[in-house]
Every structure is written in C-alpha cells, then in structure tokens.
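Enquirer: Protein chains in written order, with my numbering: chain A, 1 to 536; chain B, 1 to 207; chain C, 1 to 316.
Since the hints were derived computationally from the structure, they do not count as laboratory data. Any given hint might turn out to be false.
[Claimed, not checked] Using 30 angstroms as the maximum straight-line C-alpha spacing, the simulated BS3-like pairs for lysine-lysine come out as follows: (1) 68/B x 121/B; (2) 287/C x 313/C; (3) 459/A x 246/C; (4) 128/B x 152/A; (5) 421/A x 45/C.
[Stated by the list, open to error] A few chain A residues that face chain B, going by a derived Cβ cut-off under 10 angstroms, partial list only: (6) 183; (7) 206; (8) 211; (9) 226; (10) 239; (11) 248.
Every residue gets a Cβ at the ideal spot worked out from N, C-alpha and C, and that includes glycine.
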Amino acid sequence: MEGAERIASNRNGRGYLAERGWRSWAFTLDHKRIGAMYLWTTIFFFLVGGVFALLLRLELLSPQARYFSNHTYNVFFTLHGSMMIFLFIIPAIPSGLGNFFIPLQLGARDVAFPRLNLASYWVFAAGFLVVIGSLVAPMDTGWTFYTPYSAKSAAAVTTLSLGIFLLGMSSILTGLNFIVTIHKLRAPGMTWYRMPLFLWGMYATSIIQVIATPVVGVTFLLLAAERVFGVGFFDPSKGGDPVLFQHFFWFYSHPVVYVMILPAMGIVSEVIPVFSRKPIFGYKAIAWSSMAIALGGFLVWGHHMFTSGMSPLANTIFSLMTFFVAVPTAVKVFNWTATLYKGSITFEAPMLYALTFIFLFIVGGLTGPFLGALATNVQLHDTYFVVAHFHYTMMGGTVMGFFAGLHYWFPKMTGRMLNEKVARTAWALIFVGFNVTFFTMFIVGVRGMPRRYAEYLPKFQVENVVSTIGSAVLALGILVMCWNLLQGLRKGAPAPANPWRALTLEWKAASPPETENFHEIPVVTEGPYGYGIPKA
Amino acid sequence: MATGSRRRETAMSVPATEHHDPAVAFEAAKLGVWTFLATEVLLFGALFTAYTVFRMKYPEMFRVEHAKLDRVLGAVNTVVLITSSLVVVLGVDAIKRGKARLLEAYFGATILLAGVFLCVKYAEYAAKFHHGLYPRTNLFFSLYFVMTGLHGIHVLAGMGLLSYVIVLSRRGRLSEAWHTPAEMSGLYWHFVDLVWIYLFPLLYLIG
Amino acid sequence: MDNVLAFGAASTQAGRVDALFVMIAVIGGFFFFLTQGMLIYFAVKYRRRLPDRDNETPAITGSPLLEFLWVLIPSIVVVVIFYYGWRVYTDQRIPVAGATEVHVNARQWMYEIRYPDGRTAINEIRVPAGKPVKFLLSAADVLHGFYLPDFRVKMDMIPGRVTTLWVQPDRPGSYQIFCTVYCGTGHSNMLARLIVMPPREYAEWVEHGGREVGGGGGHEPLAVRGERIFRNAGCLNCHAIDGKEKIGPNFRGMYGSKVLLEGGASVTADEEYLRESIVDPGAKIVKGYPNVMPTFKASMPPEDVKAVVEYLKMLK
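Bound-form chain A, shown alone:
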C-alpha cells in the first residue's frame, strides 16, 4: 500500500462503539454496528440450535425412545436444522462479518445503501420473531418441509413459511447491497484484481443470494397458499405434484450451500497468506473459482432427488454437473496448500481454524463423490452418510471458517486481543469432538442407518454412543470458545491497529474503527497479498 503505514488512532479508544443508548443501535446506519447486531443474533441461534443437537444426541444414546417421545425428537431435529440453516449459517458470515468488513476492505465508508442495510436487519428480526412464534405449534417436517406432509401437518407451517419468507427477503436485500457496494465503492486504484479474495467470495455469494432466494420465497408462499387457500400445485389429489415442491425447494437450497461456504472460503483465503507471510497462490484461480462455483451451483439441485422418481436422463445430467462443480472447489484447496509452501507459518487461533477448515472440508469434499455418483447415491441417500457429509462441509467447513474470521477480526471489531492459550484449548476440544461426533456417522450410514430416525435398530448403537460422547466434547469446546470471546470483550488486552501485520485495508483503520472507517480514503496501488520477496 502506498505511503507509510498511517495507523488511525481512536479519539476516545472506542471508535464506532462510542455512542451509547439503544437508539444508537436500533436506528444505526453504520455497517459495523449492523454487522455486530447480526453477529450477536446469529451466534445466539447457533447456540440454541446446538442445544437441540445435544438433545438429539442424548436421545440417540439408546435405540428406543428414552428421554422423550418420537414426536418430540422429530420436532427437535426440525428445529435444529431450520435454526442452524436459516438463523445462523446463511446470515452469519455474509450479514455479520461481511457487513462489518466489506466496506473496510474496499476502503469505503459504508455500504451502498445504508438504510437498506438497516432495513435488512429489521426484516431479519421480524423473520426470526415469526419463526419463534411458530413454535406454539412446532413442526416435525424436517428443515426440508416436503409436501404433502408439510401441507397436511397440523403444525404452524403457514406461520413458519411467512417467517422464512421474511428471512429470505433480508438475505436478498443484503446480497443486493453488497453487489452494488463492491461494484461502485471500491477505493481509488482498487481494480477487481486488487480486491481481497474475501470480497470475491462475498460477491459470488451475493449473486447467488439474489438469484436463488426469490425461488424459495415463492416456494414457501405456495406452501402457505396450499394450506390456506387450497391451491394445489403440490397436492396429488388436485393433479399437483409433490416432487415439484422438491424441485423448487432445492433450486434454492443447493445454491444456498454455496452461500454458506464461499464466504468461509474467502476468510480462509485471507488468513492463510497472513499467517504464512506469503502471497496467496493463484489469486485469479481462487477469484474465478468462486464465480464458477456460484454459477455451477445452480445446475445441480437434482442430486438431492435422485430417488424421487426423476427420469434417468435428468439424473444423469445432474450427476455429471455435480462432479464438474467439484473441480473449482478442489482448485482452492490446492491453492491454499501451495500458499503454505516455503512460508513462515505460525499457528495462532485464526490460522488453526483456517487449517482446520481445509482439513475437514477435504473430508467433506471427498465424501461428495459417493453421493454424486448415481449408484452409490441410491444406496446412501437419506442415510447418516449424508448427515456426516453435510456436517463436515457445513460445520467442518463454514463454521470453522466463521470461527477463523471471528478470531482473526476480533481485535479489529473490538479493539481487544483474545487469550491465545484458551483459544487453542477450545480449538483442540472442538477439533477432536467434531471428528468423533461426525466420523462415526459415515460408518453407520454405510451400514444402512436411515436419517431422521428417533428410534433405530440396536446394531447401530455403538457408533451412536461414540458420536454422543464426541458431541459432549464438541459442546465443551464451543463453550470454552464462547467464554473466551466474552472474556476478550471485557478484559482483553488492547489491540493495535494491525496485530497480524496484514496488508488488506481494514487493518489501516483503528481497532476498533472510527464510525467513518478512515480519516482519508486510501489510494490503492497494488494487490493485498504482497508478502515475501518477489522474484528478481
């Protein structure tokens, strides 16, 4: 970056956090505050969703119903999935860390439409309030809400549909805002190829959000219309097709897994160079692979439906497309690994989580082909193999990426440093606990245990007990991590502006940043990964 490092200083040490009072938060137009509100909210729902998961694992200690009824178990897995997906993993990185850091990394003062940004948070809040409201008659449909069961269910499906519609609207508004921000508000001199890779990831994510989410919005509208007005698109007794619901649902829900993973991959692309002191290997490949994943992700939704009676031709095309979308993902893994080559690597918490992302995502990714290949999919679909696969990619992937981002950017957001020892302890518990919890699910899935089973055959008990033990360790690790974050907020050592000696623009702002981010908008003359000695 041009010129000497001009570390902005805080006038009163509090930066954007200085102004107090609930109104300064509720009516804020500051992207940093909006991002912070999203972070608090989504982490809260992560913990609630996690409690449901622990209850599931408790019940799964015994093959027969023991602590609660099968119906209750079924409600719990529906709530676990729905909360984790709609209230945590979709919004957490984009609307949380993205809101906070996109303008900072661009060298801008805010997003393109600050009022729309605030609106997106309140629409999100309305959404989660309605979703919570639907708990008066909780549903057991699974987070996928397949018809006809969801259309006939006595539970508050209509209310929940409205809630999810609102959450989707919030997602669309955020994506729209980010697309315009990235196009129009880059600092002078910041060409597309000088953007940090987190922004490429967020850009691709925003495109998916904007294109895919309306379809799920309509899907839930139609589900509500079926329940309230007797509209029959998915009702076989009216000539409708229950599988049409699945097509609409997965047209969104497959691309949305890329909404989940691309931001996390963006964070990994930021952390690896900083903690290896090397430029990212293959910048353009990583940038364009994000776009390729976003585009390709729209062409594969049928791989969730290979056993739904689709024609063999359709199945074939979806299987082929699924394999193609794997290639840009693999490219990223190779590039990150190559970045480590001849680096000078340290293992602070952000780096531990980033490396963990790569490790666990490889496992999740390599179990994908079993599901993408038609014949093995038929065997493994709707078994615990799938549950293991998506937990490795979504939790081993996105959540680890989220944790990496939280630890990496904690000093910038709060002006305080985290206790590194405690962070590493938490990490170790999480890593061990995660693998023990979820690896056994691959085994039990291949052995034939179906998913969404409140009661199971006794021959599957050993793996289930092991998995539950793992979940206890995982939960402990997460609690330690959360405790560490809270302690850091209150008592962490004051953070310098650039504790990691990184080169992206957010580190030029103070820790925490002033409301207007930069005293002067920086001028950019080179890319953000200029570590090491260039070849002569």
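Based on the hints, put chains B and C in the right spot on chain A.
Expert: What follows is chains B and C alone, placed relative to chain A:
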C-alpha cells in the same frame, strides 16, 4: 458520517449522499434497482415454471378453463397498464426538464390508472367467486389467482412507491439535477407492466 | 450381519454397487492422503523458526503448469467416477424380463403388499430366490421411502404416482426394509422385511394360501396364530404390549378394561370392541389419541381378525 443523522436538503440542490459523489450515487441506485428487478424475475419465474409444467401436463384442462376468463377485461387492463407505463415515462421526462408539478400530475395519473387496473381485477375476482371458481377449484385457477394476485400486490406496492415520489416532489426535493427516485420508480413500474404483458396472453389468450 | 461391502451378499447388483463404492473410496483415499499429507507436511516443515526473518519468504504467486494440471487431473478423475456411477445405476434401473411384480403401497406407518395373484400382506414381502422382482411403489397419504440396504437400493414412494424398483435376490434370507423419507411420528417404526425363500419353500408357502409359515397348520391355538399375525401386520409399529406409550393405545391389560373415548363416552373393551377397532378404527377413538389408524378390513380376513382378538385378550 454521523450515525443516523438526517441530512438537511435544500430545494433545487443535489442532496448530499453518504458517498459524497452524486454520479456514483446515481450509478449505485441504478445497479441496485436492476439487481432488485433480477430478483423479481426469479420470483415470477418460478410461477411461470409451474405454469409451464402444469400446462404441459393438462393441456385440455387449460384449454377449457382459460375460456372462463374475461378476455375483454383482460385486454382493458393490458391497455390500462401500457398507458400507465407511457405516462410514467412522460413524468420522468418532465422532471428531467425540471418540471416538478408536471411530474406530480403524470405520476398521479399513473396511480389512477393503476387503481383502475386493480378495480378491474377486483371485478374479475368477484365474478369468478360468484361462479364458484376459487384458487382451490383446479390447477388453472390456482395459477390464475396466485400469479395475478402476486402481480396485483406488486401493482399496489408500485402505487405506494409512486405516491412517495410525488410527496418528495411536493417537498421540493426533486429537480432537473437530481431526480433519482423518479427514474428508479419508473424502472420498477415498467417491470410490473412487463410481467402483465406476459401474464395476459399466457392466462387469457393461449388456448 | 450387515452385509457391508460383502460382495454380492444379497444380489450381484449389490456387489457392483459395492465395487463402485470401493473404487471411489480408493480414489478418495489416495487424494485424501495426498492433500492432507501435503497440508500437514507443509504446515510442519514451514513453521516459523526465525521470527525476525519472516519477511524473507519467496513471493510465489502461481504456477501456470501446476494450476493447469490440477484442474485437468481432477476433471478426468471425476468424469471417470461419474461414468461408473452412471453405468451401475443404469443397469440397476433396467428390469430383467420376467420379473414378478409386487405392489407396495405405503401409508402412515406401514407397507401394504399386494402380490400378482391377489394375496395381500402387511410389512412382509416373500419372494423366491433367483427370480427378479419388480416393486411397484406408491403411497396413500404422504411421501415414504423404500430402502433395502442389503441390496443397496432405494426409491421414494409418492402419492399419486407409481415408482419402480427391481432387484434380483440371489441368496435366501430375511432382509430389512426401511422407510427413508420422513413421514411423521411413526417414520422410524415403519419397518418391514423382504423374505427371500429357497424356491421349494416358497412354492410350499404359496400352496398353503401364502399366509401361514412353517408349523401351525390346523392345530395351532387361535391365540398363537393371532400373535403371529399381530407381529406380521405391523401393529407393533404404533402399539406397545408392555405398557409403553406409542402412537396408539397400549394393549397390556386392555381387554375387559373401561376405555374413555373422545367425546366423553366410555366403553368396555370387549371382543366386539377389539374387532371393530381393527376393521373400522375410526368408529371409536380413544381419548387423547389421533385418528390415524388405517383399517385392516381389506387386508385381514375375519378368521385372522378373530385370532388377533384372541391374542389381545391374553395380554395382561
């Protein structure tokens, strides 16, 4: 940039934006609206997909049922909406020449025409209910009510948007130099019109 | 025994799926060790040893050759895996000529089976070994699934549609059937079995009207026969006989007791009440339970109903 502060805008001047550069702000607004319209295409696109799926599955039923729609009223509504789009264009043109009062008149006329559209739709819906044709009656009418219903909601929202632009103009905030809300609302209105131009033949005309 | 990766355990088809599984596992394993290995190796080998010289790393930004290779090779690998996945799948979907067609209709929470000769059964399908079978699957109410893990095949069961699945069972045995599409409270209790019999035994079974198995004959006590029918009909999916609460009322001590019904009336659970509950379950609903029990009027002949009632009388 203070948190949540409202900027005082004076009449006939370019309002200061958070971005300090009106050209960037205008480009941003345009990109924003076009991106939003893309989401709307996907929203209606899902319904058009459902329409295609069921038309291909039940061609005979579609042929029989679509005849129960009133083509005359449908055609009237088409003319009304196309006219309203023209009027919106005239309104945006007016403010580009600094004629705020004229903008308000044209946008007011657009809202009136939109109101006519909704009244005609109300009459159509009432007639259908009177004949025992409801969303639950069959798939054709499910599609008819859902698609025209969603479209109607968008017309209503558009009326709100245009009213807001009129309010802005009456407060003297729009001028030859700055009239972004007028132009952006116009874009949205054209989209609403375009959706109807697809709905009308698909629902009313094709046998 | 799980039959996991036991080649050809239940059918040759299953063996081919297993071969594909192993192929993917081997390729995946290779890339796993390669990538994880490099990751861990580099992380360890290039850990920072000289803190004040960490800006002396080489600024390597890419390598066109390497990047080309690691796009090309994975692309080829995935196409190969796709191809074999497609091959085995396609063979799986083409039914062999001369397959017996068995209709299976799922409803919450049981499978109703109908054989070509009109025989019906609940939750139990019997076929002879060595002959291909084509299942014609449908559902009465919501989506269900039909999963034969030992054969490595499954297919969804969709209301308003008929989907098909075919298998060639080679080895006699009793194979698990699971429901794999979430269908409500009884989803994990919706278990059934595919019983593959040696051809001679199968022929005998068919000759005996395709109902009773093995011993019994005419001298079997009614209640014993009733218990057998009870267990085969899927009643335990929703009812318990040991006092536990399931979807439907518990049967222990039910006979002769006073039953409180929805609407406030109460009735004594005599033989007629038990009989009616089987053939017309909606007539009297026990208070606090949902009206979801299907009727067995068509699938259970009167003498079988009688036998089940006799059995239920004995549950204390």
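Enquirer: For every hint, state whether the structure bears it out.
Expert: We went through each hint and held it up to the structure:
Distance check on the hinted pair: residue 68/B and residue 121/B sit about 15 angstroms apart at the alpha-carbon level, within 30 angstroms; holds. Annotation: proposed proximity of residue 287/C to residue 313/C holds, straight-line Cα distance about 21 angstroms (limit 30 angstroms). Of the supplied pair hints, the one linking residue 459/A and residue 246/C holds, its CA atoms being roughly 22 angstroms apart against a limit of 30 angstroms. Only pairs whose Cα atoms come within 30 angstroms are accepted, and residue 128/B paired with residue 152/A is accepted, the gap being roughly 27 angstroms.
This hinted pair checks out: residue 421/A and residue 45/C have alpha carbons roughly 23 angstroms apart, not beyond 30 angstroms. A least Cβ separation of about 6 angstroms between residue 183/A and chain B falls short of the 10 angstroms threshold, and the interface hint therefore holds. Using the Cβ-Cβ criterion of 10 angstroms, the hint placing residue 206/A at the interface with chain B is satisfied: the shortest such distance is roughly 9 angstroms. For residue 211/A, the suggested interface contact is upheld, since its CB lies about 6 angstroms from the closest CB of chain B, less than 10 angstroms.
For residue 226/A, the interface hint holds, the least distance from its beta-carbon to any beta-carbon of chain B being 9 angstroms, beneath 10 angstroms. For residue 239/A, the interface hint holds, the least distance from its beta-carbon to any beta-carbon of chain B being 5 angstroms, beneath 10 angstroms. Checking residue 248/A against chain B: minimum C-beta separation of about 6 angstroms stays under 10 angstroms; hint holds.
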